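Participant: With chain A's structure known, arrange chain B on it following the hints.
Line by line, the protein sequences give chains A and B. Per my numbering, residue 79 is the first one in the first sequence, and the count goes up by one each step. Per my numbering, residue 79 is the first one in the second sequence, and the count goes up by one each step.
Keep in mind that the hints were calculated from the coordinates and are not lab data. Do not rely on the hints blindly, as some may be mistaken.
Note: identical chains are not told apart, hence a pair may lie in one copy or across any two.
Stated by the list, open to error - Straight-line distance between alpha carbons at most 30 Å, and here's what the computed DSBU-like set of lysine-lysine pairs gives:
#1 K306 / K233
#2 K231 / K317
#3 K231 / K307
#4 K231 / K413
#5 K233 / K317
#6 K307 / K233
#7 K306 / K413
#8 K307 / K317
#9 K317 / K413
#10 K306 / K317
Nothing here was measured: the structure is a model prediction, and the numbers come from that model.
2 protein chains.
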Amino acid sequence: MANLFLDACANRPVSRTPVWLMRQAGRYMAEYRAIRERYDFWTVCRTPELAAEVTLQPIAALAPDAAILFSDILVVLPPMGLSVDFSPGPVIARPVRTTDDIHQLTTFDVHRELGFVFDALRMVRRSLAPEVALIGFGGAPLTLAAYMVEGGKTKNFEALKSLFYARPEAAHGLLDFLVDVQADFLCAQIDAGAQAIQIFDTWAGSMPRDIIAEFVIPKVASLVARVKKSGVPVIYFMKDAAHVLDLLAQTGADVLSLDEKTPLDIAAARIGGHVALQGNFDPAVLLADRETISQRLDALLATVPPGRGHIFNLGHGVLPSTPVENVAWLIAQVKRRSAR
Amino acid sequence: MANLFLDACANRPVSRTPVWLMRQAGRYMAEYRAIRERYDFWTVCRTPELAAEVTLQPIAALAPDAAILFSDILVVLPPMGLSVDFSPGPVIARPVRTTDDIHQLTTFDVHRELGFVFDALRMVRRSLAPEVALIGFGGAPLTLAAYMVEGGKTKNFEALKSLFYARPEAAHGLLDFLVDVQADFLCAQIDAGAQAIQIFDTWAGSMPRDIIAEFVIPKVASLVARVKKSGVPVIYFMKDAAHVLDLLAQTGADVLSLDEKTPLDIAAARIGGHVALQGNFDPAVLLADRETISQRLDALLATVPPGRGHIFNLGHGVLPSTPVENVAWLIAQVKRRSAR
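Pulled out of the complex, with its shape left as it was, chain A reads as follows (with noise of 0.2 Å):
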């Protein structure tokens, strides 16, 4: 059966462009405001039934061509022993910090404690029509353990880069674990219904490129090679990526995700091979006028490389206080601008 997202992830040529936005499901939305004015960030999270109502929302309205599942990349901690707290940004109890911490993570049985997870992705699946795909997602292990050594967000990364360049073996062998956690977690995933996988990295291209070459690439790479043998694509966002471009093909990733900073067309030219992209409209012009959205949107069509396929997507999540109208617009506009 055709599908628009899964024909443009394999390359494959497409009708028209398709187009899902991260944090499509959100606070910019008054009917995910109206759950969370009764329910907790992690409530929702890990309430099947909530998870797939505020899943769907944005679908029903919107009418994007995919749907992610409504999560947050950190679940996977508190079966680890990691309590994790919202504050609203994530706060980790006791942070990971020496290699007994690290030794104490406990592996566990994603079906057991995660099947909140898993019966969200099934129930989404039974209300979705058949040509909008479902996409699963999980952080990759730099972001996980970013959150878990600094405790939180952080500016400066000092206790994770510490860990990088003092002890770059307990590094490893966080990381690892994280690699075999993610891979058990996202192949769940897909035997739930996920028809893709997208991989998080929100704090790698934060760290120098050496960094990135030793305890990025190699890692996601194996994960992504775990994960594909479900036969799903995967989609990789590493965020502020520009100085590794030219390392991102080597996770083996089917899809690229891709901020804003760089068009399409120079930052396919640095990728290299035919990996297809998807990307990467500056969610704060959707802050402007339609006159304004409409010219910034021909001229990132503009930029789509020839013969990869392109899936439309911010380059990050949408904004809190986007005008939700002015997203709908958005949608209808790629959909219709795109048509070949």
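Facilitator: Frame of chain A; chain B shown alone:
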């Protein structure tokens, strides 16, 4: 008179690599903390005796090859009519948002309004040995505009990007105004004894490439040209510039300062030309042991491209948690290991 720092800025041969560190005066030093226990940040900036004392603290303790005036890029805001508080990050009480706000910004006589900066420079120059260079500095137009429009630090630059996307003419007006202010300010610093100028562009690298091409490079080039008429070298530091390295030489700066993301040899190939380079040691390495620091230092020195001047510096400022003895040791090692 031979001056290693000035020789390196001009791509002249040097007997060893000159070294100074961004934020070499700061919280990691007990002498600095002692001053700050008695005076707030703004008072230190605005009192020439205190600014000069803090500027000279690392010169006495660590013997770098250059002193940079202790001050803040936002000293130019109050004379324009914008009050700034630090709590601890900068907060601008009434951000610049409308075209009217931009028109209400006032030009001012830098000598009358910012005399404390020039007095401090004269005091420092009198106390410095002739072989130590004195660097003046200021903010680049976009970075100043970011604070003025957003009202402080921001993650997504929603207000600033809205200006660029939806009201580009107003944005050009604001940036051109800032070029004028900064040209006067930086030239007056040179008159007061600054032997080089560093232009800090902390936030430009957070913008997409097309915004940088339109709103950053031409404005910085105009500013650099006006400063260079005074006959001193100009260093331009755009943080997170990996996606626009090939545009940086168009600024006309004598020296490009680079963050730690891209090794110097790879960066130089993308920059092209013959501009000298400054950087780009990861400040987080200074949290590690000396063996690690040594290895990383040797690795950095091996990436310096032949034929270009090189000034050793960090990729960004010294982290407040850095052990001061590691900084002293790094500076001594740079001098020793780079000797030709």
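Participant: State for each hint whether it applies.
Facilitator: Comparing the hints with the structure gives:
no.: 1; hint: K306 / K233; result: neither (33 Å within a copy, 34 Å between copies)
no.: 2; hint: K231 / K317; result: both (15 Å within a copy, 20 Å between copies)
no.: 3; hint: K231 / K307; result: neither (33 Å within a copy, 44 Å between copies)
no.: 4; hint: K231 / K413; result: neither (36 Å within a copy, 36 Å between copies)
no.: 5; hint: K233 / K317; result: both (15 Å within a copy, 14 Å between copies)
no.: 6; hint: K307 / K233; result: neither (36 Å within a copy, 38 Å between copies)
no.: 7; hint: K306 / K413; result: within (29 Å within a copy, 51 Å between copies)
no.: 8; hint: K307 / K317; result: within (25 Å within a copy, 40 Å between copies)
no.: 9; hint: K317 / K413; result: within (25 Å within a copy, 36 Å between copies)
no.: 10; hint: K306 / K317; result: within (22 Å within a copy, 36 Å between copies)
Comparing the model with each earlier hint shows violations of hints 1, 3, 4, 6; every other hint is respected.
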